[in-house]
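Taken in sequence, the protein lines are chains A and B. One rule links them: number in the numbering used here = place in the first sequence (from 1) + 795. One rule links them: number in the numbering used here = place in the second sequence (from 1) + 101.
Do not take every clue at face value.
Among chain B residues calculated to face chain A with C-beta under 10 Å, some are [to be verified]:
| no. | residue |
| --- | --- |
| 1 | 124 |
| 2 | 152 |
| 3 | 158 |
| 4 | 160 |
| 5 | 162 |
| 6 | 166 |
| 7 | 167 |
| 8 | 183 |
| 9 | 185 |
| 10 | 223 |
| 11 | 235 |
| 12 | 239 |
| 13 | 240 |
Mimicking EDC-like on lysine to aspartate or glutamate, the simulated pairs with C-alpha atoms at most 20 Å apart in a straight line are [to be verified]:
| no. | chain 1 | residue 1 | chain 2 | residue 2 |
| --- | --- | --- | --- | --- |
| 14 | B | 241 | A | 1373 |
| 15 | A | 1267 | B | 200 |
| 16 | B | 152 | A | 1109 |
| 17 | A | 1288 | B | 201 |
| 18 | B | 240 | A | 1373 |
| 19 | B | 241 | A | 1377 |
| 20 | B | 236 | A | 835 |
| 21 | B | 236 | B | 203 |
| 22 | A | 1116 | B | 118 |
| 23 | A | 1288 | B | 200 |
Because the hints were derived from the structure by calculation, they are not lab data. This structure is a prediction, so every number in the text was calculated from the model and none was measured. Here a beta-carbon is modelled for each residue, glycine too, at the ideal position from N, C-alpha and C.
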Amino acid sequence: MNFAKIKQEAQEKVDALLYGKNPVVFVGTATCGRSAGAVDTLEAIGRELRSRGISAEIVGTGCLGLCYAEPVVGIARPGSPTIWYGNVSPERAVELVEGCFVKGNPLTEDVLGSTEGEAEGVPHLLDLPMLKPQVRRVLWNCGVISPTSIEHYIARGGYEALRRAVLEMRPEEVIEEVKRSGLRGLGGAGFPTGRKWEACRRAPGNEKYVICNADEGDPGAFQDRSVLEGDPHSVLEGMIIAGYAVGARRGFIYVRAEYPLAIECLEIAISQAREKGLIGENILGSNFSFDLDIFQGAGAFVCGESTALTLSIEGNRGMPKPLPRPRTTEVGLWDKPTLLNNVKTFANIRWIITKGADWFASVGTEKSKGTAVFSLTGKIANCGLIEVPMGVTLREIIFDIGGGILGGRGFKAVQTGGPSGGCLPASLLDIPVDFDSLTTAGSIMGSGGMVVADEDTCMVDLARYFLDFSEKESCGQCSLCRLGSSHMLQVLKSITEGKGRIEDIDFLIEVGEALRTGSICGLGQTVPNPVLTTIRYFRDEYEAHIYEKKCPARVCRELISYRIVPDKCKACMICLRECPAEAIQGGKREVHAIRQDKCIRCGVCLSVCPPRFSAVECVPGRLANGG
Amino acid sequence: MEYSLTEILSDYRGRQEEVIPILQKVQALYGYLPEEAMNKVAEFCHVSQSKVFGVASFYAQFRFVPVGRTRISVCRGTACHVRGAPQILAEVKRQLKIEEGETTPDLEYSLETVACIGCCALAPCLVVNGKVESKMTPKKVIELFSREA
């Protein structure tokens, strides 16, 4: 079948859905929506529609990125704009069905916005403060189309780039276009994509591989998963084009086994693409053949590193190969030239081919072109998945798009790049977000995790948290990383437990610098980043822990105390009964007090004290009895 | 259909690169990797037993002990951490009297921590047999187990 025919069929099918006589209900059912209860919501909508005898199409979509508003539901009645609602519980879904389809009066409460036209009293969805400043390329289809329908993807211009590449362009021309676009690897390191493709094409040998790195392991990062669950075909299309450009016939997607939904979406997408002749022998009638398999990563953070990843596919422990060694583009999987790119890098390729390198490069900074995708989490009002032009400031991301700090607390720091990245303070909020500026500031762009810390976040504890992660994930083959990370972790633990010594800060810096210069792979070299940047920008917090034996943010358990404010305590006995350590004294009509020597500082009393009393407080430092 | 180890192996050709996918299926079958099964995988893939154990012990997905009927996974993602996951984990441990990675002696509960389950807006959270419990507090953990019991 030729592509024009495929496209026409897809368009007809989508038109029949969107402009047919039945209403359409969209429910965001990616992992984030599901964990907020989207499947229950979807089933409630189906039941309600059936019981009322209303025929409507229900479409599960990926993630719009508005995690704070999940589950998200969009309702499109024929001839009317689509209205999107947030926080739709199953009960709320029943009301929505009644309002929209029975009373003919879409409710405006909890409405996020409209698309496909104007609705009275409803803002346009893309005018939401969280969406307006975004430039959505990688996320273009996410939350808008069904990830399990290849027709949806094709009707929105999908696989046009593949057609153009394999039927109208020579491989060298494809590479040239990618080079000219200035696209850099979005897995974090930012290596120029076009140069990597060129190196792989030039590497001698007939057998070559293309691998998509979807081993997203950073705690707090979910952008790659969201792309795979929202728009898997965009990644496949990029990979097939890459195969054509570098001369590979086979590709692998290395995706974490912890992402079952992403794997399911990919499996469906691959079989659909194969059915339509977009993967397989003689793609679209050309003499180019390419096939794709999924490899489920079994959970090792270090396998994000290229040599560890290829060893893992070969059935080994994923331990990075030491330098000096040839690049993966020359000696990769089964010692063959191998092209390895991140999910988002591949998802950008279709735009570069269809719209051209100049269009792609029209957004971004001089050295970082295009967009960046971030998972915005932590103490932020609007948690979610966002895509912004390279070069916007951290302030714009956190305060304009993210809506500022949760609960109106003060901003303290932003952590980018996960365990390999660093923590940046308020004084750096105005630096542009691009590969080079973040590196200069001591952090990294990373794969896209962005975690916001407020004044209640302890920076020593945050550094300890990341190091605890990296120490467990160290593959153990080089002693600097294996012993250095565990030694640094011990010292950090002792600081957070109030056993810190004056010389500890200098020791952490010294060992950190040694890891940075001496470890054999990128994991080991970046392990100290969270520690070194928190010392650089938040040294006073380390000093408070060490000298004053206080945790100013009231996080580190050994360096805080709970107390009951006598004037506020109503002697209700709740905390007294719930305290697992029986550390609370008092009785009926007898104001309670915490025996500090028995208190284990679990925080149960604070969480059970009725909010109308709020008599329990947490203070920095250790109190004596009666304090 | 009752799937057996032999049936799993019949889908493969017996090569080293199949070790990880096979182990994943074996674990899906038994809930963990019994030593005997790992030895059969080694024989089938023509690699040493130590090679298979080396691979299995390297990756976090693989378990060597059976898992409890109720699986509690506490999210240790960054968003959960800064919103109080350590207190949640401590409270769960106190309730179950086991450490992470362990199963209660009656095989009722097993406790594990996971990197990020992707509902950062609902942090801190934990998962009980696949069901997400969101915006947890130590108080809600106590309530959860009094309900379960």
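Checking each numbered hint in turn, tell me which of them this model violates, lowest number first.
The structure conflicts with hints 6, 7 and 21, although it agrees with all the remaining ones.
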